[in-house]
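Protein chains: 2
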Amino acid sequence: MKEVLIVGSVAYDGLKTPYGSAVRALGGAATYSSLAASLFAPVRMVGVVGDDFNESDLQMLRKHKVNTDLVTREKGKTFYWKGYYENDMSQAHTVEIDLGVFETFKPNITGSACNTPFVFLAAIHPDLQMMVLNQMNKPKYVVLDTRDLWINITKPALLKVLKKTDLAVVNDQEIRLLTGEMHLLKGARALQKLGPKTVIVKKGEHGAMMFGSGWTFLSPAVPLDFVVDPTGAGDTFAGAFIGYLAKQSKITPDVLKQAVIAGNLVASFTVQGFGTKSIAALTKEKLKKRSVEYYKFASIPQVKL
Amino acid sequence: MKEVLIVGSVAYDGLKTPYGSAVRALGGAATYSSLAASLFAPVRMVGVVGDDFNESDLQMLRKHKVNTDLVTREKGKTFYWKGYYENDMSQAHTVEIDLGVFETFKPNITGSACNTPFVFLAAIHPDLQMMVLNQMNKPKYVVLDTRDLWINITKPALLKVLKKTDLAVVNDQEIRLLTGEMHLLKGARALQKLGPKTVIVKKGEHGAMMFGSGWTFLSPAVPLDFVVDPTGAGDTFAGAFIGYLAKQSKITPDVLKQAVIAGNLVASFTVQGFGTKSIAALTKEKLKKRSVEYYKFASIPQVKL
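If you read the sequences in order, they're chains A and B.
Under numbering that gives the first Met the number 0, think of the first position of the first sequence as 0, with each following residue one higher.
Under numbering that gives the first Met the number 0, think of the first position of the second sequence as 0, with each following residue one higher.
If you are wondering where the hints come from, they were derived from the structure by calculation, not from laboratory data.
No experiment lies behind these values; they were computed from the predicted model shown.
Heads up, some of the hints might be wrong.
Label-pair distances were calculated between CB atoms; the ranges are [as the list claims (entries may be wrong)]:
1) A:Pro17 / B:Tyr83: 31 to 37 Å
2) B:Gln301 / A:Thr71: 38 to 44 Å
3) B:Lys285 / A:Val22: 55 to 61 Å
4) B:Asn107 / A:Asp147: 53 to 59 Å
5) B:Gln90 / A:Thr153: 31 to 37 Å
6) B:Lys287 / A:Thr93: 48 to 54 Å
7) A:Leu98 / B:Val291: 46 to 52 Å
Note that the Cβ used here is the ideal one computed from N, Cα and C, for glycine as well.
If we strip away everything but chain A, and leave its shape as in the complex, we get (with noise of 0.2 Å):
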């Protein structure tokens, strides 16, 4: 079985949405994207927690064939965030920042895992990224993500990883600040000059579009009746996908649109609960289910012209 190897945060979330809210919700990228992943694939995690994080926390992770021996424990406080949501809940007002320990992470690879042939970048700075990359063993396929503040203030960084990445995750605005196109396709174009094959662009409620060599792909988000915290969704996404794509025997263009539609099948029970609680309740069982949901509502018959 093929492992995948996710390095991101690790973190204790404030949550407040208009749904209802969590005062101490266990959340970060690398904790969404390993649960997410681990649906499909063992996942091996790297982050960094501080001394009040809580045992049962890993242990649920490791129930989830997370292995979390390069979770290191420090002294200090896990990364702790603070936000909150309004209205149609697009977008995340933050109040407080806690990096705790985060600050002075270093991402360290050792033994088996510089082997692990899936990797999982999410959004951290692009030389935690690069220092990842260097300690890895000819990685088989890198997926990386990013975030406006890594554009901003770190490009040049980010565009040496972006060269050594096969895939990237990024948003419209992101895809704009990144290329300077304000044309999406064109977009996407100018990114996979600067590195990454492939381009998925999450549109949130609006599904994911995935730009490939010649080809273009769209999966509509799963419609929900409910949503209360749309934290972690687009980590679940990128978590699914290469857990998907590793349980694959071949990457094609076919697997990687197949990757596409369980990214968005799994994100859509992150957000139907707050934190990490529904997908860590999540089944292969309550998976499937709305995936005959969303074949009936995302498949287009054929229009006789």
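Got chain A; can you put chain B on it based on the hints?
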């Protein structure tokens, strides 16, 4: 062959977008939608023009199987709209409106036109929409479009027409305004209770979502390399939609879905030219070619869970 009756504005538009401009382009909801519907079925257009209206424009419509016998010519000016779009062209800004002869427009349906089975009521005053329906002899399928203006100032009249329609085409703002529901799915269900068994929510570049009795469907918009003028996209969509329906022997959920795809495909041409220029120049061959690309883009492969 089943005919479609379309009632709405016929206009000349002064247009300006980041990609060019047109001083006096043929436009109006009835024009766009009639040209679109005529790709699939014979069309009976109902409207009014002034004595400044070019005979050549009427001739062009007639060449497209659009019967213009019920387009009356009155003393005065043709409806004129002047507007512009900026940046991503998501919003039309009005500079000037001269209703001209449209101000006193009273649709008068006579003769065999009263028996037309398919009716599209473009976004005109609900009293005029009702006036049309009252003159019709039990139409088989009625599609209604509206706009925020009519929802705001003539809601009671609009609610009466809605009761007599089979399908309503709205955008997300209109559905919120009409039903008071912030959540799209809930808004669609609420709108269905007001009359139309089927609801289409146009989402611009994100496609169109259709809500039937117990089912939901999404057809993504065609991804476009260039868009020069979004005017008339929604009218084109609705026209192609009802034209496609009229051509089929039976209306089933699958046929409704196909019609949405046809609407998206045809509308993708309208936005690539100024005014009605590119929809008037559209051929079945061009449409078929684009549909091949579309199915590559929007067909979702089976995911293995």
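query: Does the structure break any of the earlier hints, and which numbers would those be?
result: No hint contradicted; all consistent.
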